[in-house]
Amino acid sequence: MSAKTAGGAAAAHPPVHPQDHLLRTDRLPHIWCTGCGIGIVFGSLMSAVMKSGLPLNDVAVVSGIGCTGRMAGYIKLDSYHTTHGRALPFATGLKLTRPQGKVIVASGDGDLFAIGGNHFIHAARRNLDLTVICVNNLNYGMTGGQQAPSTPFGAKTTTSPSGSPDQPFNFCALAAACGATYVARWTALHIRLLTQTIGEALAHRGFSFIEILAPCPTAFGRRNKIRNPLDLLRFYYDRSVVKNKISPDQAVMDFQGNLVVGKFVDVAKPTWLDGYRQVNSGQVGEWPEVAAEVPIPEKHLLGA
Amino acid sequence: MKFWRKPLDLAAVRPARGRVVIIEERCKGCSFCIEYCSREVLALSESFNRKGYHFPKAIKPELCVNCHFCEAVCPEFAIFSVEEEAQA
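Protein sequence lines correspond, in order, to chains Y and W.
Counted from 1, the first sequence has number 283 at position 283 by the working numbering; the numbering is strictly sequential.
Counted from 1, the second sequence has number 35 at position 35 by the working numbering; the numbering is strictly sequential.
Keep in mind the hints are simulated off the structure, nothing from the lab.
Heads up, some of the hints might be wrong.
[Stated by the list, open to error] Example chain W residues on the side facing chain Y (calculated, C-beta under 10 Å, incomplete): (1) Phe3; (2) Trp4; (3) Ile22; (4) Phe32; (5) Tyr36; (6) Phe48; (7) Lys51; (8) Pro61; (9) Leu63; (10) Val65; (11) His68; (12) Cys74.
Virtual Cβ for every residue (Gly too), placed ideally from N, Cα, C.
Given only the sequences and the hints, what does the whole structure look like? Please build it.
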């Protein structure tokens, strides 16, 4: 049914949203609070999947626990809602058993970097062909707004009522240092750029990581004097500065100054499956590869 | 529409025209669509839906240019625009 005919007969048939064919509409309206940025990211993800032209039978969405973890429950594709922090191990298994498919991991900062931090660094190190979408809302939203590894220094949460004493992670720098081959960061209002970036990440071969700074007015904004969803969305967007292709170390999120966003890393490297096939086909020689002309350390250069 | 310089193909090209469709029961009243509509088509309605949220309504529907930004910015999948006949 086309959207036009459905929109015309409003009373008898409810209007059909253009993305309804990818949504489990029987579960809508969803659980995300008024003004939560996850819905925007979810919409971007669905548009990017549709625009990429991937066969929908071969796209899977895996998520962990948390507000963002509900994404897997609302999308009408193959999806799995894993235990807390274990979205990446599940996605790894899924990718290795079905390498021709596309696996998207959509999860929050608490799931990917707090309880699942170790899984993240190793998935990035192996350069598995996964697309990881991390919705960063700067706290643990679902459990009531506790301090997370992403909470900015000095921000108030339920477990840091007088301000967070910790320095937060720079997720993009962490991902790039661990070996991710595509790293980008946007705020939830950079919708067109975000959709384009997710499309690029889906087409990218290797571990791609996209961090999205999303407003959490209910849990984070309320305790930090930005209760209005619109103000929080604008707070992030107005402070953001687009700096593409800079070193992720320089891409700092300074909430007193500027939040650096953009596409930081896009390089091609062999994926884990490439290496695995190379090893199994016997193309890798002895280790270490000792050649006859191995340079002997020159003592006179060392000053001996 | 005001032009800084009159385009050469003004007679041939017509601005796109859209119609906003609002799924009132899905709305949670965040008012992102109202704020970020580039043509200021929308405003918050006086009435509210079954969950008690005020939803947007199109106060100047003839201004919609079918840019789909309301559709993209809505976290609730509650608003979209469909193409209409181009303006005469």
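Verification of the supplied hints:
The interface hint given for phenylalanine 3 of chain W is violated, since its Cβ lies 25 Å from the closest Cβ of chain Y, which is over the 10 Å cut-off. Among the interface hints, the one on tryptophan 4 of chain W is violated; its C-beta lies about 24 Å from the nearest C-beta in chain Y, farther than the 10 Å criterion. For isoleucine 22 of chain W, the interface hint holds, the least distance from its beta-carbon to any beta-carbon of chain Y being 8 Å, beneath 10 Å. The restraint placing phenylalanine 32 of chain W at the interface with chain Y holds, with a minimum CB-CB distance near 7 Å, inside the 10 Å limit.
A least Cβ separation of about 8 Å between tyrosine 36 of chain W and chain Y falls short of the 10 Å threshold, and the interface hint therefore holds. For phenylalanine 48 of chain W, the shortest C-beta to C-beta distance to chain Y is roughly 13 Å, which exceeds 10 Å, and the interface hint is violated. Interface hint at lysine 51 of chain W: satisfied, since its Cβ lies 7 Å from the closest Cβ of chain Y, which is below the 10 Å cut-off. Annotation: proline 61 of chain W was flagged as interfacial toward chain Y, and the flag is violated, the nearest CB pair being 12 Å apart, outside 10 Å.
Hint status for leucine 63 of chain W: violated, given a least beta-carbon distance of 18 Å to chain Y, over 10 Å. Checking valine 65 of chain W against chain Y by beta carbon gives a least distance of about 16 Å; that is not within 10 Å, so the hint is violated. For the restraint placing histidine 68 of chain W at the interface with chain Y, the shortest Cβ-Cβ distance is roughly 9 Å, inside the 10 Å limit, so the hint holds. Taking 10 Å as the C-beta cut-off, the interface hint given for cysteine 74 of chain W holds, the closest approach to chain Y being about 7 Å.
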